[in-house]
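With the hints as your guide, set chain B onto chain A.
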Amino acid sequence: MAPLLEIDDLTIEAATGEGPITLLDGLTVSMDAGQVLGLIGESGSGKTTTARAMIGMLESNLSVRRGSIRLAGTEITAARPRELRAVRGRDVGFVFQGAGSSLDPLLRVDHQLDEVIRRHRRDVDRSRRRTMTLEALASMGFADPEHVARSYPHQLSGGMRQRVSIALAMVVRPKMLIADEATSALDVTTQKEVVQLLTRLVAENGVGMVFVTHDLVLAEEICTSVAVLRRGRLVEYGPVERIMTDPQAEYTRELLAAVPRW
Amino acid sequence: MIRLLVTRVLLGIVTLLIAVTVTFFVVHASGNPVAQILGDSATPGRVAEVTHQLGLDRPLYEQYLEFLGQLARGDLGVSLRYNEPNAELVLQRMPATAELAASALLIALVLGVTLGCVAAVREGGAVDRVVTAVSAIGTSAPVFWFGLMGILVFAVLLGWLPAGQMQSPISLVLPASTLSLLPLAQVARLTRSAMSETLRMPFVVAANARGLAPLRVIVNHALRNSAIPVLTIFGLQTGLLLSGAVTVEYVFAWPGLGTLATDAVQGRDFSLVQAVVVVGVVVFVLVNFVVDLLYTIIDPRIRESRA
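Protein sequences appear in the order of chains A and B. Reading the first sequence from the start, the letters are residues 0 to 261 in numbering that gives the first Met the number 0. Reading the second sequence from the start, the letters are residues 0 to 306 in numbering that gives the first Met the number 0.
The shape of chain A in the complex, shown without the other chains:
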């Protein structure tokens, strides 16, 4: 069976006034269902660019120079806009950085969830959509889904907002989840809750997750395999235990040395 996600020789360029710049250079990684692939690197390493490329949402001045991204059977780099929109949300959920800045401030939580269900599950009627909405919130660990559903984003705490964002990404049960620095803006306690939630989603639903982070400790906790990126190049790639205990690349060793251990 083909992997859930297969990225092969992915090369992305940015058009600038002084000609093209390579942001990502020949990235090859893959991931199966139920696994968590960590994309690790500092700012400018190309990790967010990679994540955005997976759903065909590169910034307008960026383009895929060569290589391929196969996600749940769709070749993203060759997909037409209509196919891409079907893949987004239905096959892959995307959780953004920032505590819930991905929520529309003027719409209630249930309205926003309903909109996603309606888009991807055309056959589902209103009362069933309501059930799905509440179930999605309940599975995010909300004790009172009804209350959260009726809330506006500003009435929720940062951690709650981020859990709502995850609910939005998961509500139509995609095969894959991309979490782009999804916990970085949260305080430590909330971060832990969200990480546990993500881990549970992977374990219980068998989704595959791409976890983009600059935090090695976090990656060790949650990932099954890790790809370390630096300035658009893959410097190290393998199972998380191997990389944490026996890093091959000098850069990975530096990163690990910078992490406090006790």
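Hints are computed from structural coordinates only; laboratory data are not their basis. Just so it is clear, the structure is predicted and the values come from calculations on it, not from any experiment. Even for Gly, the Cβ is constructed at its ideal location relative to N, Cα and C. Check each hint, because a few of them may be wrong.
[As the list claims (entries may be wrong)] Partial list, derived from the structure: chain A residues whose beta carbon lies under 10 Å from chain B:
#	residue
1	I54
2	M56
3	R79
4	L83
5	R84
6	F93
7	G97
8	G99
9	S100
10	P104
11	H119
12	L167
[Stated by the list, open to error] Derived SDA-like pairs (lysine to any residue); straight-line CA-CA distance at most 25 Å:
#	chain 1	residue 1	chain 2	residue 2
13	A	K174	B	P201
14	A	K191	A	P238
15	A	K174	A	P2
16	A	K174	B	V204
Then chain B, alone, in the frame of chain A:
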């Protein structure tokens, strides 16, 4: 909410007071209207007599206080020229102006928001450049010039539309489009800038990442979040619209408040001029109050801060 209502009403009264005060002293500074009302054949004695009858020989502050007193009782006074209650004269002319202004606002809102949206979505595209150019022209060229050009092209050269007067629904087309140009330009420009900012917001990117249809993202998320600045400018446009109506009604011989005001100014009918100003200010204040209420409907955060 009640506090909001009270502040709004108070602010409205202050606005009205400032406007009528300025109007009162400006019209009175323009000289004695009696000679003009009576015509060339009137003797100086007759002029003095009528001036006294109308109370125009009294000290200015006395006249001003009397005017405010009347206004406080809801009395708009009696026209010097027509010798009829101003309220009746204004009410007769109101529907024509309301029809004209409402049509112009509708055109401005629908077309302006649509063009602004398209320009923001396709930034740098053909529509964007046209909108930028048209809104520059729309805001800088005088309204009467557009009116005259409209008459020249569509009435005289092409013969498609009537040049003026209120005969059939189609005679509304030229004056309403002319009047809509300035608000249209401003609404389009503001929608474009608000939308292009909103379209970059994380939640719009996120809505796209959830695979929502582009039109849905634009209308349900981006436009809703851009609505408040657009509404604000829309409310302020009512003022410009009323002053534009004066010009447009004159150019198209439209029997509304604008022509009434023009005639009143030319005939130095002080009390009628003031009555028209009062009505204009009240409409302006009311429209902006409605806009203010709409903020509450659109934005739950504003709603809560006012609850």
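Here is how each hint holds up against the structure:
1. I54: holds (6 Å)
2. M56: holds (6 Å)
3. R79: Status violated, d = 13 Å.
4. L83: With a minimum Cβ separation of about 8 Å from chain B (threshold 10 Å), the hint on L83/A holds.
5. R84: OK, holds: R84/A within 10 Å of chain B, min 5 Å.
6. F93: holds (4 Å)
7. G97: At 6 Å from the nearest chain B Cβ, G97/A passes the 10 Å test, so the hint holds.
8. G99: holds (9 Å)
9. S100: holds (4 Å)
10. P104: With Cβ-Cβ at 7 Å, under 10 Å, it holds.
11. H119: For H119/A, the interface hint holds, since the closest Cβ of chain B sits about 7 Å away, which is under 10 Å.
12. L167: Holds, about 6 Å.
13. K174/A <-> P201/B: At roughly 23 Å apart (the allowed maximum being 25 Å), P201/B and K174/A satisfy the hint.
14. K191/A <-> P238/A: Cα-Cα ~22 Å, so holds.
15. K174/A <-> P2/A: holds (12 Å)
16. K174/A <-> V204/B: Between K174/A and V204/B the Cα gap is close to 21 Å, so the pair holds against 25 Å.
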